[in-house]
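Participant: Spelled out, the chains give:
Protein chains: 2
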Amino acid sequence: MRPGILFVLSGASGVGKGTIRSRLREQVPDVYHSVSVTSRAPRPGEREGADYFFRSREQVEAMARAGELIEWVEYVGNYYGIPRRPVDEKLARGRDVILEPETRGAKAVARLYPQAVLIFVIPPSLEALEKRLRTRRTETEETIRARLARAREEMQELHLYQYCILNDDAQRAAQDLVAIVRAERCQMSRVGPEMKRRILGE
Amino acid sequence: MRPGILFVLSGASGVGKGTIRSRLREQVPDVYHSVSVTSRAPRPGEREGADYFFRSREQVEAMARAGELIEWVEYVGNYYGIPRRPVDEKLARGRDVILEPETRGAKAVARLYPQAVLIFVIPPSLEALEKRLRTRRTETEETIRARLARAREEMQELHLYQYCILNDDAQRAAQDLVAIVRAERCQMSRVGPEMKRRILGE
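If you read the protein sequences in the order shown, they are chains H and E.
Just so you know, we're using the numbering used here here: the first sequence kicks off at 703 and counts up by one.
Just so you know, we're using the numbering used here here: the second sequence kicks off at 703 and counts up by one.
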């Protein structure tokens, strides 16, 4: 059995990572989508363990101190973190995993998991990204400006990523992600030994 | 504009490369499928420039001497070769190209084009491969035995290839090839500079 592949989908806030990832879930259902832990209260309809693991601030801090989080951030007064154990367990069992951290988090993941496949989602333009952020209507003017400045900075770090998906069309971008997952599963370095055994019975 | 990507699809004779490649043609029509030159006579329905370039033995030999063939082999008394110029022209214009050489030819291609993406198609088993070769009814017992021995040897050279497609189902295998083409087109090393220009206008 080959080890699971860790896919890391990142990119600017508002670029549409979530939509792309949810289409991957439909088409390649055997990829495990990591569930984050958060200290914010559940919104109506959100379920424990499906949308998030809901924990107190103190619990999240304790997890971070104990090294149980792959990465974590504080955002608008709440913690968001990626629990390490479920990811490691799935990978060890040969199951592929996808995470969706913001870009600083992606770097943290790459340090912990050097074999991770890093994928950057890019907006068609900064103007398009700004429009998407404004459409959300949850962001202040200041936050929008900060996010756009950050998006420009992130473009200087593209080389950290192995793949780039241009999200000018969500359907097409999702197909790119599906293709990347599928192609990575065909990498000789991953499947070669198994194939050799299969054919030669060695 | 990024340079075109050269895909090289190889594997044992009878493993089903042609079928897989023809499905790629339907789904990703902008990949240029190299047309080989041959010294054998056209079969009914075969068209010059579409199925093969039909040339005399002397013409093929002259092309080989002049370095106009990426690789060539003699098979059952006829020459088969891959003309170099159309491939180089497409690649220079940013068009992706796929070749389908046998495994010795794949190595020759890799020497000439170190950036080529090498893909190996693997049969579900040697028994399945034998069955396919026998179904063809064009091979002598001796040829079949030689091909099977060769298929075993080729398994020792899997590491030369970047990807491995298991052809236990032609439809699935074709989807793997489509995914590999699509994922390679998302490689940051290929598209990063263009994306950066696009977003930052640099």
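It is possible that some hints are incorrect.
Heads up, the list lumps identical chains together, so a pair's fine if it works in one copy or across two of them.
[What the hints assert, rightly or not] Mimicking DMTMM-like on lysine to aspartate or glutamate, the simulated pairs with C-alpha atoms at most 20 Å apart in a straight line are:
hint : residue 1 : residue 2
1    : K833      : E843
2    : K792      : E855
3    : K792      : D870
4    : K809      : E832
5    : K792      : D732
6    : K833      : E855
7    : K898      : E855
8    : K898      : E832
9    : K833      : D753
10   : K792      : D871
11   : K898      : E804
12   : K792      : E763
13   : K898      : D871
14   : K833      : E791
15   : K809      : E843
16   : K833      : E760
17   : K792      : E829
18   : K833      : E728
19   : K898      : E748
I should point out that these hints are in silico values taken from the structure, not numbers from a laboratory.
Participant: Indicate, hint by hint, whether the structure satisfies it.
Facilitator: Right, here's what the structure says about each hint:
1. K833 / E843: within (12 Å within a copy, 68 Å between copies)
2. K792 / E855: neither (33 Å within a copy, 35 Å between copies)
3. K792 / D870: Neither: 32 Å inside a chain and 26 Å across chains, both beyond 20 Å.
4. K809 / E832: Answer is neither; intra-copy 24 Å and inter-copy 49 Å both fail.
5. K792 / D732: within (11 Å within a copy, 38 Å between copies)
6. K833 / E855: within (18 Å within a copy, 57 Å between copies)
7. K898 / E855: between (45 Å within a copy, 11 Å between copies)
8. K898 / E832: between (50 Å within a copy, 17 Å between copies)
9. K833 / D753: neither (26 Å within a copy, 50 Å between copies)
10. K792 / D871: neither (31 Å within a copy, 27 Å between copies)
11. K898 / E804: between (39 Å within a copy, 19 Å between copies)
12. K792 / E763: Cα proximity of K792 and E763: none, with 24 Å in one copy and 56 Å across.
13. K898 / D871: Only across copies: K898 and D871 sit 18 Å apart there, 39 Å inside one copy, limit 20 Å.
14. K833 / E791: Result: close neither inside a copy nor across copies, 39 Å intra and 41 Å inter.
15. K809 / E843: Close neither inside one copy (27 Å) nor across copies (57 Å); limit 20 Å.
16. K833 / E760: neither (36 Å within a copy, 64 Å between copies)
17. K792 / E829: neither (39 Å within a copy, 34 Å between copies)
18. K833 / E728: neither (27 Å within a copy, 36 Å between copies)
19. K898 / E748: Answer is neither; intra-copy 46 Å and inter-copy 37 Å both fail.
Comparing the model with each numbered hint stated earlier shows that hints 2, 3, 4, 9, 10, 12, 14, 15, 16, 17, 18 and 19 do not hold.
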